[in-house]
Amino acid sequence: MRFRDAETASALRAAASVGVAVSAYGVSFGALAVTAGLDVWQTCVLSLLMFSGGSQFALIGVIASGGLAAGPAAIAGAALLGTRNAVYAMRMGPIVGPGLFRRVAAAHLTIDESTAVSTAQTTLRGQRVGFWATGILIFIGWNLTTLLGAVIGDLLGDVSRWGLDAAAAAAFLGLLWPRLVQLQPVVVAVAAAVVAVVLTPWLPAGVPVLAAAGVAVVVGLGNWFGSREAHTLAEEVATDSVATHDAHLGEHRHDGGEAS
Amino acid sequence: MTLWLIIIVASLACLALKLSGYLVPPAFMERPRPARVANLLTVALLAALVATQAVGSAEGLVLDARVPALFVAAVLFSVRVPFIVVIVAAAATAAAIRAVFGG
Numbered sequence: 018m019r020f021r022d023a024e025t026a027s028a029l030r031a032a033a034s035v036g037v038a039v040s041a042y043g044v045s046f047g048a049l050a051v052t053a054g055l056d057v058w059q060t061c062v063l064s065l066l067m068f069s070g071g072s073q074f075a076l077i078g079v080i081a082s083g084g085l086a087a088g089p090a091a092i093a094g095a096a097l098l099g100t101r102n103a104v105y106a107m108r109m110g111p112i113v114g115p116g117l118f119r120r121v122a123a124a125h126l127t128i129d130e131s132t133a134v135s136t137a138q139t140t141l142r143g144q145r146v147g148f149w150a151t152g153i154l155i156f157i158g159w160n161l162t163t164l165l166g167a168v169i170g171d172l173l174g175d176v177s178r179w180g181l182d183a184a185a186a187a188a189f190l191g192l193l194w195p196r197l198v199q200l201q202p203v204v205v206a207v208a209a210a211v212v213a214v215v216l217t218p219w220l221p222a223g224v225p226v227l228a229a230a231g232v233a234v235v236v237g238l239g240n241w242f243g244s245r246e247a248h249t250l251a252e253e254v255a256t257d258s259v260a261t262h263d264a265h266l267g268e269h270r271h272d273g274g275e276a277s
Numbered sequence: 110m111t112l113w114l115i116i117i118v119a120s121l122a123c124l125a126l127k128l129s130g131y132l133v134p135p136a137f138m139e140r141p142r143p144a145r146v147a148n149l150l151t152v153a154l155l156a157a158l159v160a161t162q163a164v165g166s167a168e169g170l171v172l173d174a175r176v177p178a179l180f181v182a183a184v185l186f187s188v189r190v191p192f193i194v195v196i197v198a199a200a201a202t203a204a205a206i207r208a209v210f211g212g
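Going line by line, the protein sequences match chains A and B.
Taking the numbering used here as reference, the numbering of the first sequence is continuous, increasing by one, and the terminal residue is 277.
Taking the numbering used here as reference, the numbering of the second sequence is continuous, increasing by one, and the terminal residue is 212.
Misleading hints may appear alongside valid ones.
Now the stretches of chain B that chain A is said to cover, found in silico as 3 or more residues with beta-carbon under 8 Å [claimed, not checked]:
id, region
1, 117 to 127
2, 167 to 174
3, 189 to 197
Think of the hints as simulated: they come from the structure by calculation, not from any bench.
Beta carbons are placed, not taken as given, at the ideal position from N, Cα and C, and that holds for glycine.
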């Protein structure tokens, strides 16, 4: 039995390239979290404990505009963005295998990227290696770069003079962009943005964002603007993950394409 | 509600969601609706956050240097420029506009 078969090597390569690319996001998260009002410790605990980029950005985004009063909306926003990780976890369950400790550790590492790299591999061994290697690499990289970004953000001070408020909007756009691959998500994105903007002058900070989530529920349950054939959950995750995977890998697009 | 409490509660909620996925029977995976709603939920929330971060403020809606910065970011993402480079470019755009025009 060879340890380093071709499939394992391919999974490790994909894990390394995705891990390095995603870790760089950590710097912007750390800087934006500090400018949103968190201290360096709170920023680092968020990356260690929550460990889900979209949810973390959502939490600090709502806190930045609404302060402590927006706490419940910030928690709800982070949790709603975390629901996709539950979908990924269902997909990863059979790949991770049994064992309480192993499953709890796997749950913490279940994010867009670890799921994407895993589902892009063709053998069970490759899928396992891809999941764990990507999850562990990003966990280390994301937390180290969060600390770096938080320290930099702390030193910068004035938020708007450095354009960091604009960087927050751009960061959300970057998380959204790879998901706009079909008509349905594009329609949902535009409608949700309109709903949020229209409600912003009338409701407390964070609440318009939650109201916009209603667009997804209505369109998703009715499958409006969607394709006619029914997709299984596994196919949805694979499509979703590969789209994210492609965006992160950039020049390594073929890695994700093979599995779809 | 303190900031620490918000951080801990939100983190535990996110971890509980991840764990819940490992407890659901695999047969659930054959249903298209939960997956579709979860994926679209992500899209809707991110789009709403883009919009509110771009034009929201304590006083309601404000059009300022964030909007052209977001436009620059959209153009760069469309030609597949790496995330971190786009973020820096967007911040630099807003900072430059403010340095020139004030505000």
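Outcome of the hint check:
1. 117 to 127: holds (count 10)
2. 167 to 174: That given contact holds, which follows from 4 residues of the region 167 to 174 of chain B lying within Cβ reach (below 8 Å) of chain A.
3. 189 to 197: Per the Cβ count (7), the hint holds.
Every hint from the earlier list agrees with this structure, and none is contradicted.
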